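Protein chains: 2
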Amino acid sequence: MTATTSAIAYARRERRRFVDELKELVAFPTVSADPRHASGMQRCAAWLADHLRAIGLDEASIWPTAGHPVVFARTKGVVDGAPTLLIYGHYDVQPEGARADWKTPPFQGTIRGDELFARGASDDKGQLFAHIKALEAYLATGGLPVNAVCLFDGEEEIGSPQLIRMLSRVAPRIRADVIVISDTRMPSPDRPALTYALRGALHLEVRVSGPTRSVHAGYFGGSAPNPLDHLTKVVAGLSGRNGAVGLEGFYDRVRTLSGEERRYMAATGPTDSEIVRAQGAVAPAMDRGYSLYERTTVLPSLTVTRVLADPNAGRAAIPAHASAWFDIRLVPDQRPGEVAELVRNRLSYAPGKGLRVSLRVGAGTRPVELSRTDGAARAAASAYRTAFGVEPVFLRSGGSIGIVAAFVDTFSIPIVLMGFGLPGDGIHGPNEKFHLPTFFRGIETSIWFMRNLRQAARSLPAMAGR
Amino acid sequence: MTATTSAIAYARRERRRFVDELKELVAFPTVSADPRHASGMQRCAAWLADHLRAIGLDEASIWPTAGHPVVFARTKGVVDGAPTLLIYGHYDVQPEGARADWKTPPFQGTIRGDELFARGASDDKGQLFAHIKALEAYLATGGLPVNAVCLFDGEEEIGSPQLIRMLSRVAPRIRADVIVISDTRMPSPDRPALTYALRGALHLEVRVSGPTRSVHAGYFGGSAPNPLDHLTKVVAGLSGRNGAVGLEGFYDRVRTLSGEERRYMAATGPTDSEIVRAQGAVAPAMDRGYSLYERTTVLPSLTVTRVLADPNAGRAAIPAHASAWFDIRLVPDQRPGEVAELVRNRLSYAPGKGLRVSLRVGAGTRPVELSRTDGAARAAASAYRTAFGVEPVFLRSGGSIGIVAAFVDTFSIPIVLMGFGLPGDGIHGPNEKFHLPTFFRGIETSIWFMRNLRQAARSLPAMAGR
Numbered sequence: 001m002t003a004t005t006s007a008i009a010y011a012r013r014e015r016r017r018f019v020d021e022l023k024e025l026v027a028f029p030t031v032s033a034d035p036r037h038a039s040g041m042q043r044c045a046a047w048l049a050d051h052l053r054a055i056g057l058d059e060a061s062i063w064p065t066a067g068h069p070v071v072f073a074r075t076k077g078v079v080d081g082a083p084t085l086l087i088y089g090h091y092d093v094q095p096e097g098a099r100a101d102w103k104t105p106p107f108q109g110t111i112r113g114d115e116l117f118a119r120g121a122s123d124d125k126g127q128l129f130a131h132i133k134a135l136e137a138y139l140a141t142g143g144l145p146v147n148a149v150c151l152f153d154g155e156e157e158i159g160s161p162q163l164i165r166m167l168s169r170v171a172p173r174i175r176a177d178v179i180v181i182s183d184t185r186m187p188s189p190d191r192p193a194l195t196y197a198l199r200g201a202l203h204l205e206v207r208v209s210g211p212t213r214s215v216h217a218g219y220f221g222g223s224a225p226n227p228l229d230h231l232t233k234v235v236a237g238l239s240g241r242n243g244a245v246g247l248e249g250f251y252d253r254v255r256t257l258s259g260e261e262r263r264y265m266a267a268t269g270p271t272d273s274e275i276v277r278a279q280g281a282v283a284p285a286m287d288r289g290y291s292l293y294e295r296t297t298v299l300p301s302l303t304v305t306r307v308l309a310d311p312n313a314g315r316a317a318i319p320a321h322a323s324a325w326f327d328i329r330l331v332p333d334q335r336p337g338e339v340a341e342l343v344r345n346r347l348s349y350a351p352g353k354g355l356r357v358s359l360r361v362g363a364g365t366r367p368v369e370l371s372r373t374d375g376a377a378r379a380a381a382s383a384y385r386t387a388f389g390v391e392p393v394f395l396r397s398g399g400s401i402g403i404v405a406a407f408v409d410t411f412s413i414p415i416v417l418m419g420f421g422l423p424g425d426g427i428h429g430p431n432e433k434f435h436l437p438t439f440f441r442g443i444e445t446s447i448w449f450m451r452n453l454r455q456a457a458r459s460l461p462a463m464a465g466r
Numbered sequence: 001m002t003a004t005t006s007a008i009a010y011a012r013r014e015r016r017r018f019v020d021e022l023k024e025l026v027a028f029p030t031v032s033a034d035p036r037h038a039s040g041m042q043r044c045a046a047w048l049a050d051h052l053r054a055i056g057l058d059e060a061s062i063w064p065t066a067g068h069p070v071v072f073a074r075t076k077g078v079v080d081g082a083p084t085l086l087i088y089g090h091y092d093v094q095p096e097g098a099r100a101d102w103k104t105p106p107f108q109g110t111i112r113g114d115e116l117f118a119r120g121a122s123d124d125k126g127q128l129f130a131h132i133k134a135l136e137a138y139l140a141t142g143g144l145p146v147n148a149v150c151l152f153d154g155e156e157e158i159g160s161p162q163l164i165r166m167l168s169r170v171a172p173r174i175r176a177d178v179i180v181i182s183d184t185r186m187p188s189p190d191r192p193a194l195t196y197a198l199r200g201a202l203h204l205e206v207r208v209s210g211p212t213r214s215v216h217a218g219y220f221g222g223s224a225p226n227p228l229d230h231l232t233k234v235v236a237g238l239s240g241r242n243g244a245v246g247l248e249g250f251y252d253r254v255r256t257l258s259g260e261e262r263r264y265m266a267a268t269g270p271t272d273s274e275i276v277r278a279q280g281a282v283a284p285a286m287d288r289g290y291s292l293y294e295r296t297t298v299l300p301s302l303t304v305t306r307v308l309a310d311p312n313a314g315r316a317a318i319p320a321h322a323s324a325w326f327d328i329r330l331v332p333d334q335r336p337g338e339v340a341e342l343v344r345n346r347l348s349y350a351p352g353k354g355l356r357v358s359l360r361v362g363a364g365t366r367p368v369e370l371s372r373t374d375g376a377a378r379a380a381a382s383a384y385r386t387a388f389g390v391e392p393v394f395l396r397s398g399g400s401i402g403i404v405a406a407f408v409d410t411f412s413i414p415i416v417l418m419g420f421g422l423p424g425d426g427i428h429g430p431n432e433k434f435h436l437p438t439f440f441r442g443i444e445t446s447i448w449f450m451r452n453l454r455q456a457a458r459s460l461p462a463m464a465g466r
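Top line first, the protein sequences correspond to chains A and B. Under our numbering, think of the first position of the first sequence as 1, with each following residue one higher. Under our numbering, think of the first position of the second sequence as 1, with each following residue one higher.
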């Protein structure tokens with residue numbers, strides 16, 4: 001029996017325990033957006049560091065930050081001639097929302113059939129844990145074929161501000177040849193997929209202010225300027241018509257897709273009807289001849305997500321101020337700063353007497369495109385094929401992972417987005433769940449991936465240069 | 001000494017006690033919009049009925065309703081040949097809002113200088129109490145010159161739904177010749193005013209629904225319809241441009257003002273700069289040549305007061321649904337039902353694929369115009385002149401009082417809106433207050449008004465027909 005088949009056998013024997021441990025991990029209430037969960041974050045980080053130490057990793061430590069801590073660990077010694085794999089994941093989760101919408105307690109793992117229900121079960125504790133268990137399977141049997149570094153973020157759901165800020169400083173301690181991240185999806189349990197593109201993201205708040213305080217709509221309706229009214233005009237103007245964004249210059253940098261890539265996408269990606277089913281609504285018409293898969297991945301989007309008027313204003317009041325929040329998704333070669341400037345220019349028109357408009361720009365994330373053909377991508381595709389018995393496809397995602405662009409900027413090494421999530425996992429919503437058969441195949445995919453990476457060492461760019 | 005001068009002397013002697021009693025009245029937390037205050041409403045109604053009985057009224061009773069109770073009372077016996085005055089007021093109050101914004105506890109009367117601070121001090125407990133104390137002053141001295149009926153509403157701040165529904169049924173028990181309501185304002189303590197017109201009101205909710213649940217703006221931005229986006233277009237379209245409402249036909253029924261009335265309004269009403277100061281913002285430009293006083297009283301208005309997207313949607317989500325609330329103010333001869341139909345017709349355009357639009361129409365209030373010259377109006381003006389030493393003006397208000405239109409429909413008798421509120425009272429906001437010197441003058445105005453009504457009995461329409 002080879003080291004790899006021993007590791008696979010071990011992982012199969014220990015499945016029940018692995019699930020019990022994952023239930024421990026999802027029980028920590030690690031909502032990074034909520035300051036009240038700070039101690040839950042600390043306890044979860046400590047649990048992870050202890051766990052990594054227990055399975056045999058070295059230097060397992062908690063890096064404090066100005067926000068939530070980062071968990072770091074590295075394998076003992078160095079496997080000569082083997083590449084070093086950086087495993088990135090995040091242990092923070094989205095807010096659980098209204099408890100009444102959950103059929104099981106959000107911070108208590110509950111198994112029903114093949115599914116583990118809990119906040120974070122899929123995004124991202126379960127996916128992250130698949131790699132930890134792959135490491136353990138090797139360490140408990142014949143030893144690892146690669147060097148491994150773990151970097152577990154506590155702020156992915158809020159844009160990874162601390163880790164992105166400290167990344168260039170800690171880069172020398174990481175020294176990796178390949179990065180793997182499992183925080184994406186496959187279309188179904190039998191259709192494994194690697195993600196090779198992410199849209200960028202930009203979050204904006206537009207605020208309109210008017211009267212010094214909210215005033216009575218009866219006494220002053222007709223004479224007082226209404227910030228909320230003007231705000232709706234701003235939003236309506238930005239969002240445009242016919243499904244297109246109404247911001248001048250917004251599409252200028254969008255690349256024209258090659259016929260070859262469109263054909264590849266049409267052959268591998270979700271169909272329009274699959275997307276309509278997934279989003280629970282038919283799509284608005286759009287003038288251009290794009291498929292919905294293309295509209296959500298190679299075209300940018302602008303979504304108004306919230307509008308809020310002065311919460312102190314009564315039901316019959318002209319509110320003193322109102323804000324709208326925008327979620328903008330960007331594609332190559334759009335740049336967050338340039339798009340923010342387009343919005344700022346649009347808002348520079350005089351809003352009308354008695355009103356002021358201001359813009360707040362969040363930290364943007366650049367779009368990312370990864371190779372589908374480099375040594376790491378081939379090693380990953382082959383690992384999926386072995387573990388799932390099916391050839392994986394490479395998909396574009398409409399989503400964004402802030403840290404990926406930062407990795408691209410900091411390390412010139414291959415990045416593999418090896419997702420084990422499923423469309424029905426309900427991430428960010430109530431009743432989030434993780435499909436356990438996919439969890440087990442995910443562990444095996446990670447085991448084969450490490451073996452394949454070792455064999456492909458010479459074809460990896462950083463290794464080739466050593 | 002006549003009965004009236006005895007009553008005046010009594011009212012002046014007892015001022016301190018009157019204020020102490022008013023402090024008891026404002027201490028009841030009578031927020032009609034909040035079901036948790038139901039017992040406070042009951043206790044306040046009981047306190048009022050006991051108080052009316054104690055000062056000598058008969059039949060003091062609490063009328064239960066499907067909502068909050070109505071307090072009713074009538075003077076004992078009948079003063080032959082004298083008119084019957086219906087005193088309407090309301091003992092419910094607006095929600096107190098954030099306690100942190102209050103400098104004194106909202107449900108504890110606090111005197112600072114000439115002001116009594118408390119929620120409801122001005123709107124409407126203090127103003128209502130002025131009439132109660134006028135009744136007491138007569139009853140404790142030479143007896144009343146008129147018959148009096150008290151009708152104190154517990155739901156004015158939520159549109160008086162129960163009282164309006166029951167009004168025609170209870171009308172025979174009321175049998176009044178004149179109605180007086182003190183729930184309006186004077187421009188300043190030395191500028192007494194009667195209100196002779198109220199705008200009507202119509203509240204609408206427009207709701208746009210899209211995806212069956214909120215979906216991720218990254219995965220589905222570009223393919224999923226956005227209800228909030230469409231809603232902003234609906235709002236922007238309704239509100240129009242240049243300060244005018246953009247709803248076709250909205251101005252069709254608005255009366256053209258006579259030159260005489262415009263001159264009267266210009267001579268008596270607030271100036272543009274007074275309105276700008278009161279609303280805390282300069283007014284948006286408007287194409288037509290109206291003063292701000294005219295724009296807020298003889299022109300209708302449409303105000304979007306709130307926009308809310310699915311509260312379960314995350315910060316990076318396309319919300320499943322979104323609603324906007326509108327406060328529309330109407331002028332003669334606009335009708336709430338017709339205006340709601342104009343909005344409904346506008347919304348009947350297809351909203352785009354994947355979206356549905358619905359409209360919820362609240363109970364509307366018709367606009368009201370009252371006489372400035374009938375016997376009751378003259379009796380009231382004369383009472384102000386005596387109590388304040390200044391000739392009062394007749395003003396239009398941009399606000400609405402739902403019960404007034406119902407009184408117009410049910411009783412064909414004069415209605416006098418005899419306000420003792422001041423622009424700085426801060427009604428509906430934090431730190432509401434009532435100006436005590438105006439409270440005392442209000443009591444004396446009510447005393448003189450009853451005397452004048454008695455003397456003008458023959459000129460009152462209902463009396464003339466007896």
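It should be emphasised that the hints constitute simulated quantities derived from the structure, not laboratory data. Wrong hints could be hidden among the right ones.
Just so you know, same-sequence chains aren't split out, so a pair can sit in one copy or run between any two.
What the hints assert, rightly or not - Result set (DMTMM-like, lysine to aspartate or glutamate): computed pairs, CA atoms no more than 25 Å apart in a straight line:
(1) K353 x D272
(2) K233 x E205
(3) K76 x E248
(4) K233 x E391
In this text the structure is predicted, and so the values were computed from the model without any measurement.
Quick rundown of the hints versus the structure:
1. K353 x D272: between (46 Å within a copy, 14 Å between copies)
2. K233 x E205: both (15 Å within a copy, 18 Å between copies)
3. K76 x E248: neither (55 Å within a copy, 76 Å between copies)
4. K233 x E391: Classified as neither: same-chain Cα gap 49 Å, cross-chain 46 Å, threshold 25 Å.
Taken one by one, the earlier hints fail for this structure at numbers 3, 4, listed in ascending order.
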